[in-house]
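For reference, the chains in residue letters:
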Amino acid sequence: MTTRRDFVKTTCLSLAFTLPMEPRLRFGMAEPIEPGAFAPSAFLRIDGDGTVTIWANKSEMGQGVRTSLAMAVAEELDADWSKVKVQQASSAAKFGDLGITGGSQSTRSTFTPYRTVGATAREMLISAAATKWKVDRAACKAENGFIVHGSKRIAYGELVEAASKLEPPKDPPLKHAKNFRIVGTDVKRLDGPDIVTGRAQFGSDLKLPGMLYASVQRCPVFGGKLKSVDFTAAKAVPGVKQVITISSGVAVLADSTWAALNGREALKLQWDEGDHASASTAKIWEGFETRMKTPGKVVRKEGKGVEAVGKRAIHARYDCPFLAHATMEPMVGLADVKPDRCDIYAPSQGPSWSMDAIQKITGMKADQIEVHIPLLGGGFGRRAMPDFIVEAVECSKAAGVPVKVQYSREDDMKHDYYRPGTLHELSASLDAKGHAQAWHHRIVGPSIAASLKMPWPPEATELSGAADLPYEIPNVQVEWAQSDTPIPLGFWRAVPASFNPFVTESFLDELAHKAGKDPLDFRVALLKKDEKRKVGRDELDPGRLRHVIELAAEKAGWKAWRLAKRAKGFGMGIAAHAYLDCGTYVAQVAEVEVKPDGKVKVHRVVCAVDCGLAVNPLNIRAQMESAIVFGLTAALHGEITLEKGRVVQNGFSDYPMLRLADSPRIEVHIVKSTLPPGGVGEPGLPPIAPAVANAIFAATGKRIRSMPMTPEKVLKAAKA
Amino acid sequence: MTHIEFSVNGFSKAVEVDPDMPLLWVLRDVLGLTGTKFGCGAGVCGCCTLHLNGEAVRACQTPIKEVAGKSVTTIEGLSKDGSHPVQKAWLEEDVAQCGYCQPGQIMQAAWLLSKHPHPTDADINEGMAENICRCGTYNRIRCAIYRAAGDAPAIGKGA
Numbered sequence: 001m002t003t004r005r006d007f008v009k010t011t012c013l014s015l016a017f018t019l020p021m022e023p024r025l026r027f028g029m030a031e032p033i034e035p036g037a038f039a040p041s042a043f044l045r046i047d048g049d050g051t052v053t054i055w056a057n058k059s060e061m062g063q064g065v066r067t068s069l070a071m072a073v074a075e076e077l078d079a080d081w082s083k084v085k086v087q088q089a090s091s092a093a094k095f096g097d098l099g100i101t102g103g104s105q106s107t108r109s110t111f112t113p114y115r116t117v118g119a120t121a122r123e124m125l126i127s128a129a130a131t132k133w134k135v136d137r138a139a140c141k142a143e144n145g146f147i148v149h150g151s152k153r154i155a156y157g158e159l160v161e162a163a164s165k166l167e168p169p170k171d172p173p174l175k176h177a178k179n180f181r182i183v184g185t186d187v188k189r190l191d192g193p194d195i196v197t198g199r200a201q202f203g204s205d206l207k208l209p210g211m212l213y214a215s216v217q218r219c220p221v222f223g224g225k226l227k228s229v230d231f232t233a234a235k236a237v238p239g240v241k242q243v244i245t246i247s248s249g250v251a252v253l254a255d256s257t258w259a260a261l262n263g264r265e266a267l268k269l270q271w272d273e274g275d276h277a278s279a280s281t282a283k284i285w286e287g288f289e290t291r292m293k294t295p296g297k298v299v300r301k302e303g304k305g306v307e308a309v310g311k312r313a314i315h316a317r318y319d320c321p322f323l324a325h326a327t328m329e330p331m332v333g334l335a336d337v338k339p340d341r342c343d344i345y346a347p348s349q350g351p352s353w354s355m356d357a358i359q360k361i362t363g364m365k366a367d368q369i370e371v372h373i374p375l376l377g378g379g380f381g382r383r384a385m386p387d388f389i390v391e392a393v394e395c396s397k398a399a400g401v402p403v404k405v406q407y408s409r410e411d412d413m414k415h416d417y418y419r420p421g422t423l424h425e426l427s428a429s430l431d432a433k434g435h436a437q438a439w440h441h442r443i444v445g446p447s448i449a450a451s452l453k454m455p456w457p458p459e460a461t462e463l464s465g466a467a468d469l470p471y472e473i474p475n476v477q478v479e480w481a482q483s484d485t486p487i488p489l490g491f492w493r494a495v496p497a498s499f500n501p502f503v504t505e506s507f508l509d510e511l512a513h514k515a516g517k518d519p520l521d522f523r524v525a526l527l528k529k530d531e532k533r534k535v536g537r538d539e540l541d542p543g544r545l546r547h548v549i550e551l552a553a554e555k556a557g558w559k560a561w562r563l564a565k566r567a568k569g570f571g572m573g574i575a576a577h578a579y580l581d582c583g584t585y586v587a588q589v590a591e592v593e594v595k596p597d598g599k600v601k602v603h604r605v606v607c608a609v610d611c612g613l614a615v616n617p618l619n620i621r622a623q624m625e626s627a628i629v630f631g632l633t634a635a636l637h638g639e640i641t642l643e644k645g646r647v648v649q650n651g652f653s654d655y656p657m658l659r660l661a662d663s664p665r666i667e668v669h670i671v672k673s674t675l676p677p678g679g680v681g682e683p684g685l686p687p688i689a690p691a692v693a694n695a696i697f698a699a700t701g702k703r704i705r706s707m708p709m710t711p712e713k714v715l716k717a718a719k720a
Numbered sequence: 001m002t003h004i005e006f007s008v009n010g011f012s013k014a015v016e017v018d019p020d021m022p023l024l025w026v027l028r029d030v031l032g033l034t035g036t037k038f039g040c041g042a043g044v045c046g047c048c049t050l051h052l053n054g055e056a057v058r059a060c061q062t063p064i065k066e067v068a069g070k071s072v073t074t075i076e077g078l079s080k081d082g083s084h085p086v087q088k089a090w091l092e093e094d095v096a097q098c099g100y101c102q103p104g105q106i107m108q109a110a111w112l113l114s115k116h117p118h119p120t121d122a123d124i125n126e127g128m129a130e131n132i133c134r135c136g137t138y139n140r141i142r143c144a145i146y147r148a149a150g151d152a153p154a155i156g157k158g159a
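Protein chains in written order, with our numbering: chain A, 1 to 720; chain B, 1 to 159.
Bear in mind the hints are in silico, worked out from the structure with no lab data behind them.
The reader is advised that the hints may include incorrect statements.
Claimed, not checked - A short list of chain A residues far from chain B (calculated; beta carbon distances all over 10 Å): (1) PRO193; (2) ALA233; (3) LEU267; (4) MET657.
Unchecked claim - Quick look at which bits of chain B chain A covers, simulated, 3 or more residues with Cβ under 8 Å: (5) 28 to 41; (6) 47 to 61; (7) 108 to 114.
Computed from a predicted model, the values in this text were never measured in an experiment.
Glycine residues also receive a C-beta, built at the ideal position from the N, C-alpha and C atoms.
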């Protein structure tokens, strides 16, 4: 039996990276099913032994999506969770367009479609049992892997053949949330047992018969080109099989990664370094300074805008650096280009973004190409880019054998698509009672959309956390002043909300102190009205934001802390962010200690999150913890710099990560909600850097307006 | 090329390789044991941690010539069926996110517990200092180490 079904229409998704509308998820054609199995869609199969297999159409990079999507199906199917397995959908037509895994949209966009998959199967199993028993199907129900009628019970596995012969119902009923028994409970990730035994297969772990290992030397300067190459010495290295030029540089193909790396060392190369050979971050920042002097595009204006700021304004300037993703698994891609077919095995967040390039290189049609997606050793936006797939396809096509291109750590750090650096100027004024009256924010920086030549306005990727300022301030003006750079840009966890909220939530704290008010009370007073309202292009539910702020403060003991006498160098700060792109509200309170040597130790973070329906609370807590640690690495350590057109940083020694000893205690409080599920991969990140900055101010009376908040900057501020 | 014999997870192995090839690539590319991960190649991230004669080492910094005659335990050989107390604790605490660094974290933690059966927070801080997790699973790692030790997790999970 084959069934064709349109996936439930999903709403327009304005992803955090403001993707255009995600194509409607399609329920493609089901495979002609093997006897003894029931596969009402390409995404679900029930075997005779009762095993339930679900195909996830979003990539797993640690955010727990394979488990969450399986939970959605199992819930409606009333499956026995111990019999649920998950497989990964490929780019094959039967799975429809996989879209992009990003923007904290996966569960949000596919929760209902996946529930529908489970509900469809459940209704068909009920019908099959009712027919078999010759009873009214309305008197039958599904229960933990069985259809039940009175005292009669039959396992799903025994119904697969009968169910396969039925037509699927058109609009199967979905459960009421109050009847959920899997969704809303703490469910451990399905991949856990494979991970702890080393069985889990990441992109780096795959091997095909006859495969060669490749290491690619790319031009160290962005935009540079190969001038000449001498292969002789490289080819003489034992194990090296081929040396080929590809669009990004020179690839050494060998019988092991080690031989490929050694061969690459022996290459003699000359580069035409192109237009950016003298580029540096120092010059880029000079360009930002110049751009700051003239107005930008007004992206939000209310009241009189900047005119209302007046003479007695409070001014501040903030800056945030360029950042690399530094996933634990460096970029990797494996391609097997045959004369009439191309298989790619790549840990990708966006196989569809690579399709055009693959077709161009291979000259093949989409139906001759299949991208298979293993586990991703971290993604954070980096793996949405097609570069590592393109290189593997070029290598395999030229070599005539399967090729795996493995980036070294240095390759990964020096050939990233970076989080943009930005410069910010703000001014604001308070009225006689200390209420914020006017707010002006000018952002200078390059555009991710422009860097990637996306068909969107250049500011589309740069404004979250700035243009959607949620507070009730009568006069607001936000400007975007574009200043492009040679540094290739990409999507980095939380995208612009990884930098703008550091600026806006810190500056708001400055206003509170200027007004002589408690930063918590000051925020709450600017979120008094409960009516939903437009902020920039998005709709804000102010009550949800106010609630998470109050909840985080309460759980952190904010009021008691403010009253208590604290040891020198200790401080508590609060910050919040409404992540409107994915419908999630987060507030965090950070307790920090500023040491005499300027080091900032974050002891404790209390996080309150309202992400609508909490599909898997265990995973929501994990994602908040993850985003806080990721955000602390950026807040305290992260900075990519450019000299002579080259990225200076090489790896974890000069691009340090937060370590276990510096991981704060983290408490996560989830707001109970029946609203549709929001995203959780990114929204935990935006508040942490400003919460820490605000805590540093509380501890020292000094404001750090530059990320990363290094000991040098803290000591400099102390002396100022 | 040199002929080198050593044992991996209790099995004798013989390879003909460049004597300078790191154990990491011998395991992954030659022997097909991919549980030991490549993270940095510089011995600073801990992804490739395994046990060499019972000591935790970085496979990316261990030339195969130094492994001759020695005994290697990788994540695949830590237990037959995932039943090592550290593996069980890792599942109980649902530690992993992307999971890529976790074989190295688990091998480091198993070694730590072999030296300190009841580690303090300070022992854990020091023993796990060279293992990076970009997903930020550190607090769960700490809890899992306490659980594997049979000790109650420290209050509030953090440092």
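Status of each hint after checking the structure:
| no. | hint | verdict |
| --- | --- | --- |
| 1 | PRO193 | violated, 6 Å |
| 2 | ALA233 | holds, 16 Å |
| 3 | LEU267 | holds, 18 Å |
| 4 | MET657 | violated, 5 Å |
| 5 | 28 to 41 | holds (count 13) |
| 6 | 47 to 61 | violated (count 1) |
| 7 | 108 to 114 | violated (count 0) |
Going through the hint list in order, the structure does not satisfy hints 1, 4, 6 and 7.
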